[in-house]
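A.B. asks: Model the full structure from these sequences, guided by the hints.
Spelled out, the chains give:
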Amino acid sequence: MKLTLKVWRQKNAQAAGKFETYQLDKVSPDSSFLEMMDLLNDQLLNQKQEPVAFDHDCREGICGTCSLYINGHPHGPDQTTTCQLHMRSFHDGQTITIEPWRARAFPVIRDLAVDRSAFDRIIQAGGYISVSTGQAQDANAIPIPKIQADEAMDAAACIACGACVAACKNASAMLFVGAKVSHLGLLPQGRPEAALRVEAMVAQMDKEGFGACTNTGACSAECPKEIPQSVIAMLNREYLLASVASRQ
Amino acid sequence: MYSDQLNARIPEGPLAEKWTRYRSVLPLVSPNNKRRLDIIVIGTGLAGAAAASSLGELGYNVKAFCFQDSPRRAHSIAAQGGINAAKNYQNDGDSVYRLFYDTIKGGDYRSREANVYRLAEVSTSIIDQCVAQGVPFAREYGGLLANRSFGGVQVSRTFYARGQTGQQLLLGAYQSLSKEIAHGRVKMYNRHEMLDVVIIDGKARGIIARDLVTGKLERHSAHAVVIASGGYGNVFFLSTNAMGSNVTASWKAYKKGAFMANPCFTQIHPTCIPVKGAHQSKLTLMSESLRNDGRVWVPKTQEDAKKIASGQLKPVDLPDDRRDYFLERMYPSFGNLVPRDVASRAAKMVCDDGRGVNESGQAVFLDFRDSILRLGEPVIRERYGNLFDMYEKITAQNPYKTPMMIYPAVHYTMGGTWVDYNLMTTIPGLFALGECNFSDHGANRLGASALMQGLADGYFVIPYTIGTFLSKEILTPRIDTNRLEFEQAEREVRHTLSRFLGMKGSQTVDTLHRKLGQIMWDYCGMARNAEGLQKALDMIADVRHQFWTDLYVPGSAEEFNPELEKAMRVADFIELGDLMIRDAYNRNESCGGHFREEYSSGGEALRDDENYTYVAAWEYKGEGQTPALHKEELIYENIELKTRSYV
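Residue numbers (the numbering used here), protein chains in the order written: chain S, 1 to 248; chain P, 1 to 647.
It should be emphasised that the hints constitute simulated quantities derived from the structure, not laboratory data. Positions of the beta carbon are idealized from the N, C-alpha and C atoms, including for glycine.
Computed spacing ranges between beta-carbons, pair by pair:
1) P:P332 x S:K6: 54 to 62 Å
2) S:K146 x P:G311: 44 to 52 Å
3) S:Q14 x P:R483: 32 to 40 Å
4) S:K146 x P:P332: 38 to 46 Å
5) S:Q43 x P:N398: 30 to 38 Å
C.D. replies: Structural data, given as structure tokens:
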């Protein structure tokens with residue numbers, strides 16, 4: 001395949017960025033999108049030019065490191081991670097525009113790599129159950145209905161890639177926060193801290209500069225792990241309950 | 001003949017009581033002293049995150065480092081199948097002893113009894129801990145935990161969270177770590193890579209780390225350093241490891257005096273998606289569970305194989321009498337469910353015979369036709385739907401209609417940094433946990449045991465055993481990073497960085513990494529022989545020469561520079577490759593994942609217990625010097641050594 005790539009280039013967080021255009025020949029339709037990027041970088045290196053910086057690691061769709069806003073969609077046209085997107089989803093001669101995640105809370109580090117440590121800080125605010133090593137009782141001491149455990153697992157499947165933020169016109173992180181609040185809130189082990197957790201996580205989310213949610217559902221539609229929009233409903237419900245309780 | 005420099009410090013007493021007794025007499029550090037002691041943890045996978053959070057909870061000052069953009073991304077996250085624990089919730093006869101026995105046998109009798117027994121013993125606490133953290137393990141309708149079976153055992157002891165067990169366990173550990181970060185007891189350094197360990201008066205006292213965003217070199221001191229940096233499968237370039245997985249932390253430790261044990265013990269997993277072309281950057285695993293319902297075959301003749309590979313003949317159209325179901329033929333009693341090392345070797349053998357079924361000749365079929373006929377497509381979809389979808393996404397072929405193509409790939413490394421029972425290396429104050437140490441899996445790891453070991457080391461071993469060292473350090477003041485040793489280590493790192501940047505050669509890091517990987521795969525992969533290994537040693541030396549004279553790394557050291565990061569890692573992989581080959585050459589026997597063609601009979605491994613029931617621990621002797629071999633004898637007091645047979 002022959003491709004025309006329009007790639008966002010930005011030296012660092014302070015520098016102004018711009019699109020550069022590259023031509024790429026001999027792209028195998030069987031290669032993954034990131035392998036196509038490897039090919040581009042190989043070409044640039046052979047021309048003694050700076051390669052394009054982008055984040056990636058496991059390349060099996062689970063670590064959440066890869067990002068890229070491809071032709072107007074986070075992770076490209078298929079509902080999967082960029083590393084699992086293959087070039088056969090594009091056609092010969094196509095022009096592909098590649099941008100970083102765009103959000104105030106995700107500053108660009110270089111080219112297509114962004115800083116998503118805001119997500120870490122939201123988890124640190126309360127996205128955990130306070131149990132120290134050694135404090136646990138027997139694993140089967142608390143039965144949990146299968147349906148509830150499955151629902152918690154659906155929410156826990158979030159890989160924190162940030163596609164939800166990139167897809168949202170307001171750069172809201174409600175799907176990410178809702179997924180963690182739902183995962184832990186659906187389990188009996190997570191209930192004792194549920195109210196504290198949701199208030200602390202939402203406060204941190206606001207502090208990081210993520211936008212408000214207007215329920216367009218773009219986040220869930222673009223989520224490579226298909227985290228359901230219902231986690232946002234649960235987040236809102238938990239938040240309301242917590243704020244009523246704290247007022248009392 | 002056995003080295004007196006290697007003291008495994010295995011406690012006295014009967015096997016089943018060693019750990020309990022030892023734990024009760026280990027020296028403790030009082031809470032007010034813990035506050036004054038600093039610990040560095042490298043890596044935040046299962047072992048590292050579990051260790052950092054548990055040590056933080058105890059009151060130590062912990063600094064944790066990961067090269068990823070978040071501790072939650074470590075490659076433990078990619079583990080699919082599950083985690084073993086001797087809970088015996090299924091009432092099927094499981095016990096701590098049975099898990100211990102299975103692990104020793106699965107490792108082909110090349111691991112330490114006492115360590116493995118402790119692993120089996122603490123496995124049950126891991127499940128308790130993870131459930132309390134909110135890990136959403138699979139459950140039955142009654143609300144209790146579900147189990148499944150895994151390769152090489154006869155009980156159901158594997159706990160799982162769909163096909164994402166590693167992800168959920170890691171998130172549990174990551175959340176626990178986040179709690180400690182929030183409480184200020186752990187300081188987290190994302191996007192930082194350890195580039196050297198600093199030794200002062202013979203003890204590990206700190207590291208040199210590079211901030212990968214700014215490129216700045218940093219000095220961090222501590223009273224003890226814990227390395228939990230994972231395995232080194234990427235020495236083969238193509239593996240199921242993440243792109244960033246590397247050996248650098250353990251290799252720097254090796255060069256500062258930590259012995260490297262059994263480096264040639266690597267696990268080649270039989271069911272991975274085959275290499276498709278030169279563009280390929282990594283390999284994807286298809287879960288071992290598929291072999292429950294899939295039949296492995298190649299055509300009986302090279303002629304048919306060629307026709308299939310070139311597309312002239314569809315595999316579904318080849319009648320059964322022209323197919324060779326080679327695992328069923330060679331191992332009638334175990335069939336398609338032989339252990340990983342055996343299945344991998346057999347696949348290689350038929351492909352070497354010219355009967356591989358893709359263009360490169362390196363693929364065999366895993367066929368679900370008969371299972372679909374027997375059970376119906378819905379049943380197969382329910383069991384393996386997500387794997388079939390993943391396969392289709394990558395290969396654009398529908399495995400319900402045409403057999404999957406699979407081939408073995410590098411997956412895990414059993415070898416690693418030598419540690420004693422306390423998980424301390426040969427450098428006092430330097431500890432190694434998880435995949436980066438060598439201790440528990442011998443020459444072959446059983447499925448669902450890697451997660452178990454990482455969490456056992458991090459949650460339930462190191463919090464106790466680190467006290468053996470730190471209890472003697474309570475009077476040691478905070479280590480000054482202005483000391484000469486730090487300055488010298490930093491200068492050496494700076495020198496290497498500028499050497500790479502200044503070379504301006506013609507080859508990229510990836511080009512040379514691929515060359516290294518090809519040599520390792522061809523000569524130190526699934527089958528090895530003395531002649532090939534000797535040849536490979538020269539070839540590696542040549543790659544190394546090219547790497548240090550003709551490398552091209554763009555940009556500068558004072559910026560975000562992924563090519564420079566890769567160069568630093570590959571430099572260490574090349575040196576490791578040399579050591580792996582020496583280790584494979586030294587071990588004149590076949591055991592587990594180490595298959596020496598000269599020591600086999602009819603394609604079956606011949607172990608030599610008389611001469612090789614030892615751990616080969618290698619000591620770095622300096623640039624250009626041959627490393628020294630130290631042998632730790634493996635003593636089996638509780639288990640009788642037997643030949644594994646699957647025929």
